[in-house]
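2 protein chains.
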Amino acid sequence: MKIAVDAMGGDNAPATIVEGVERARDEQQAIEFVLYGDENQIRPLLKSDERISIVHTTEKIEMDEHPVKAVRRKKQASMVLAAHAVKDGEADAMFSAGSTGALLAAGLFIVGRIRGVDRPGLMPTLPSVNSDSGFVMLDVGANADNRPSQLYQYAVMGNFYARDVRGIKNPRVALLNNGTEPTKGDDLHQQTHQILAAAQGLNFIGNVESSSLLDGAADVVVTDGFTGNAALKAIEGTSHTLLHEIKAAIMNGGIKGKLGGLLLKGSIKGIVQKFDASRYGGAVLLGLQAPVVKAHGAADATTVYYTILQIQAMVENKTISKVIDYFAEHGVDSPTPTQD
Amino acid sequence: MKIAVDAMGGDNAPATIVEGVERARDEQQAIEFVLYGDENQIRPLLKSDERISIVHTTEKIEMDEHPVKAVRRKKQASMVLAAHAVKDGEADAMFSAGSTGALLAAGLFIVGRIRGVDRPGLMPTLPSVNSDSGFVMLDVGANADNRPSQLYQYAVMGNFYARDVRGIKNPRVALLNNGTEPTKGDDLHQQTHQILAAAQGLNFIGNVESSSLLDGAADVVVTDGFTGNAALKAIEGTSHTLLHEIKAAIMNGGIKGKLGGLLLKGSIKGIVQKFDASRYGGAVLLGLQAPVVKAHGAADATTVYYTILQIQAMVENKTISKVIDYFAEHGVDSPTPTQD
Numbered sequence: 001m002k003i004a005v006d007a008m009g010g011d012n013a014p015a016t017i018v019e020g021v022e023r024a025r026d027e028q029q030a031i032e033f034v035l036y037g038d039e040n041q042i043r044p045l046l047k048s049d050e051r052i053s054i055v056h057t058t059e060k061i062e063m064d065e066h067p068v069k070a071v072r073r074k075k076q077a078s079m080v081l082a083a084h085a086v087k088d089g090e091a092d093a094m095f096s097a098g099s100t101g102a103l104l105a106a107g108l109f110i111v112g113r114i115r116g117v118d119r120p121g122l123m124p125t126l127p128s129v130n131s132d133s134g135f136v137m138l139d140v141g142a143n144a145d146n147r148p149s150q151l152y153q154y155a156v157m158g159n160f161y162a163r164d165v166r167g168i169k170n171p172r173v174a175l176l177n178n179g180t181e182p183t184k185g186d187d188l189h190q191q192t193h194q195i196l197a198a199a200q201g202l203n204f205i206g207n208v209e210s211s212s213l214l215d216g217a218a219d220v221v222v223t224d225g226f227t228g229n230a231a232l233k234a235i236e237g238t239s240h241t242l243l244h245e246i247k248a249a250i251m252n253g254g255i256k257g258k259l260g261g262l263l264l265k266g267s268i269k270g271i272v273q274k275f276d277a278s279r280y281g282g283a284v285l286l287g288l289q290a291p292v293v294k295a296h297g298a299a300d301a302t303t304v305y306y307t308i309l310q311i312q313a314m315v316e317n318k319t320i321s322k323v324i325d326y327f328a329e330h331g332v333d334s335p336t337p338t339q340d
Numbered sequence: 001m002k003i004a005v006d007a008m009g010g011d012n013a014p015a016t017i018v019e020g021v022e023r024a025r026d027e028q029q030a031i032e033f034v035l036y037g038d039e040n041q042i043r044p045l046l047k048s049d050e051r052i053s054i055v056h057t058t059e060k061i062e063m064d065e066h067p068v069k070a071v072r073r074k075k076q077a078s079m080v081l082a083a084h085a086v087k088d089g090e091a092d093a094m095f096s097a098g099s100t101g102a103l104l105a106a107g108l109f110i111v112g113r114i115r116g117v118d119r120p121g122l123m124p125t126l127p128s129v130n131s132d133s134g135f136v137m138l139d140v141g142a143n144a145d146n147r148p149s150q151l152y153q154y155a156v157m158g159n160f161y162a163r164d165v166r167g168i169k170n171p172r173v174a175l176l177n178n179g180t181e182p183t184k185g186d187d188l189h190q191q192t193h194q195i196l197a198a199a200q201g202l203n204f205i206g207n208v209e210s211s212s213l214l215d216g217a218a219d220v221v222v223t224d225g226f227t228g229n230a231a232l233k234a235i236e237g238t239s240h241t242l243l244h245e246i247k248a249a250i251m252n253g254g255i256k257g258k259l260g261g262l263l264l265k266g267s268i269k270g271i272v273q274k275f276d277a278s279r280y281g282g283a284v285l286l287g288l289q290a291p292v293v294k295a296h297g298a299a300d301a302t303t304v305y306y307t308i309l310q311i312q313a314m315v316e317n318k319t320i321s322k323v324i325d326y327f328a329e330h331g332v333d334s335p336t337p338t339q340d
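First to last, the protein sequences are chains A and B.
Under the UniProt record's numbering, the residues of the first sequence are numbered 1 to 340, in order.
Under the UniProt record's numbering, the residues of the second sequence are numbered 1 to 340, in order.
Worth flagging that the hints you see were computed from the coordinates, not collected in a lab.
Misleading hints may appear alongside valid ones.
Which copy? The list can't say, so a pair holds if one copy fits it or any two copies do.
What the hints assert, rightly or not - Listed next, the in silico PhoX-like pairs over lysine-lysine satisfying Cα-Cα at most 25 Å (straight line):
hint, residue 1, residue 2
1, K87, K322
2, K2, K74
3, K47, K318
4, K47, K74
5, K2, K47
6, K322, K75
7, K318, K265
8, K269, K247
9, K75, K169
10, K169, K318
11, K274, K247
12, K318, K75
13, K269, K47
14, K318, K87
15, K2, K258
16, K184, K74
17, K265, K184
18, K258, K269
19, K184, K69
20, K265, K75
21, K247, K322
22, K184, K247
23, K274, K74
24, K2, K318
25, K274, K169
26, K265, K322
Let the sequences and hints guide you as you build the complete structure.
Here's what the structure looks like:
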């Protein structure tokens, strides 16, 4: 398989990108890479060009550019060229640590949507306390407004991903809502609940509240992009703040604190690792014709490496083809809920 | 001042309610209490009936009842009687640890809304790392659907509360959104942003993301009830899960873990206290004609005590009157944003 890599996106590009790509290349014989970016910067970083080629370009999309305009105007940008490689069948999937908005635009306008899917959803994998598989949640911010049929499509796509890529048998699909009762929420969430309950081939377990996500209440959490964004950022912010406070308490706790910290170092490191989602790779823009995966702008080489493995799993498992087949068979429109 | 207390609402009622009320009574000479509930249960718990009277009733609203129906049918329920005492001017404010939905219904149908306020918002006070004042957030779930004018009203009400009850000079008011730029979010949040920017007497600092709430990014966080509910529960769930994991790591860490835990006990206890919001009292149903405040169903006597102090501060500061005056002067309709 061939993966198109935007080598210039991200805070530490191209260095961390190249390092992560080479680690994946060394371990995974089946992957070839095409790196899009400044050859003068990339070439000196490469240990070897085995299964790595470079397509030289000096244009790149900056983080503060208007996403749609940038993608339309900068036709030679590294991200845009990588997207075209996927569109033209030269690559099977695409990686970028650049602007999420620009990647969404490149995905929509160049790679293209799966037939009938209204909007791609942005889907990260998050840790859960009880399972090493974690859980996926979508949409977390590709869209601010959603309709029930879009949430249905997210559920179907997240289900295939959780099953094939995360290896979860019969994933438990749930709707993020403001209570667990079926009648909870606004119109959007009440309608979506009925649709998901009527959907074929989905193990829909009902509503879930954001308080129980990290406890592993569901494997696939379906949410509108606005609420999903708020929940995701609240989880990230709270873990970050709490772990920072604990670290500060240890450092400022004098001899007692430092000694206690030393004794608990292993345990706390274990917790930090457990809640570090980077081993699951990046966030997938699910709903496009090929895997398009976004790593954090601040991603280090290890995260880039895991994101490449994640893309490999999506390509090998033909996740996108399965989604296309499902929608071809069952329709992209949400099923009509049975009246009760 | 007189506070009407629903003595039968909550998991440990009436015991914890009575204990918390007596502690407040012993310390605060200015407060009189009327306890609504089963006198046969309440009387034996009382150390003294100084400034505490009991209105006997055996009817109460259960947690799983339909809120509106329960409030309408159970005319002798402890919560309903307490609400009527406020409505009839016999009490200045009301406390309950019972069903949130029922309290909202009792607030709307019995206590009544502030003229022109569309819907009351549920407002807890949450801790922030940098300030002992914490921050308030509303709405966190009284309403699943909101219009921009309602969010404007939340901003005004939260502002008075933060200033007068929390003692924050010129509170920083922010809109919870999916990005900090003014153009972020769906229609509701874009419109609300413009309205808040045009509102008089509000120190509106723009959008805030849920990742920075605990870091004290704002003093008053304005949000629609659905998003606010998701953010609040994500914060609560993440802190709970993380602190539980740390405790488990200490307990399962053998001698090393236990010794480390012992050394860090004070530091970790400090963090737990810092993130324990119960010292701020309960969640206010803001937008009603009088202070109506809800403690957690699982509230202990200490939380009940702090919630009584919170109610006292609202009555003493005339927070509700100030809100009424503001709306009388500036109108309850959202100001027209200036076109740019």
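Evaluation of the provided hints:
1. K87 x K322: Result: close within a single copy only, 18 Å intra versus 61 Å inter.
2. K2 x K74: within (24 Å within a copy, 69 Å between copies)
3. K47 x K318: neither (31 Å within a copy, 71 Å between copies)
4. K47 x K74: neither (30 Å within a copy, 77 Å between copies)
5. K2 x K47: The answer is within: 19 Å in one copy meets 25 Å, while 78 Å across copies does not.
6. K322 x K75: Intra 31 Å, inter 58 Å, cutoff 25 Å: neither.
7. K318 x K265: neither (41 Å within a copy, 50 Å between copies)
8. K269 x K247: Both, since 11 Å and 14 Å are each at most 25 Å.
9. K75 x K169: neither (42 Å within a copy, 51 Å between copies)
10. K169 x K318: The answer is within: 17 Å in one copy meets 25 Å, while 58 Å across copies does not.
11. K274 x K247: both (16 Å within a copy, 15 Å between copies)
12. K318 x K75: neither (29 Å within a copy, 62 Å between copies)
13. K269 x K47: neither (31 Å within a copy, 50 Å between copies)
14. K318 x K87: Classified as within: same-chain Cα gap 16 Å, cross-chain 64 Å, threshold 25 Å.
15. K2 x K258: neither (49 Å within a copy, 51 Å between copies)
16. K184 x K74: between (45 Å within a copy, 24 Å between copies)
17. K265 x K184: neither (43 Å within a copy, 41 Å between copies)
18. K258 x K269: Intra 15 Å, inter 16 Å, cutoff 25 Å: intra and inter.
19. K184 x K69: Between. Shortest inter-copy distance 17 Å satisfies the 25 Å Cα cut-off; intra-copy 40 Å does not.
20. K265 x K75: Close neither inside one copy (49 Å) nor across copies (58 Å); limit 25 Å.
21. K247 x K322: Answer is neither; intra-copy 45 Å and inter-copy 43 Å both fail.
22. K184 x K247: neither (39 Å within a copy, 34 Å between copies)
23. K274 x K74: neither (40 Å within a copy, 49 Å between copies)
24. K2 x K318: within (14 Å within a copy, 68 Å between copies)
25. K274 x K169: Cα proximity of K274 and K169: one copy only (22 Å, versus 41 Å across).
26. K265 x K322: neither (44 Å within a copy, 52 Å between copies)
When held up to the earlier numbered hints, the structure conflicts with 3, 4, 6, 7, 9, 12, 13, 15, 17, 20, 21, 22, 23, 26 and fits the remainder.
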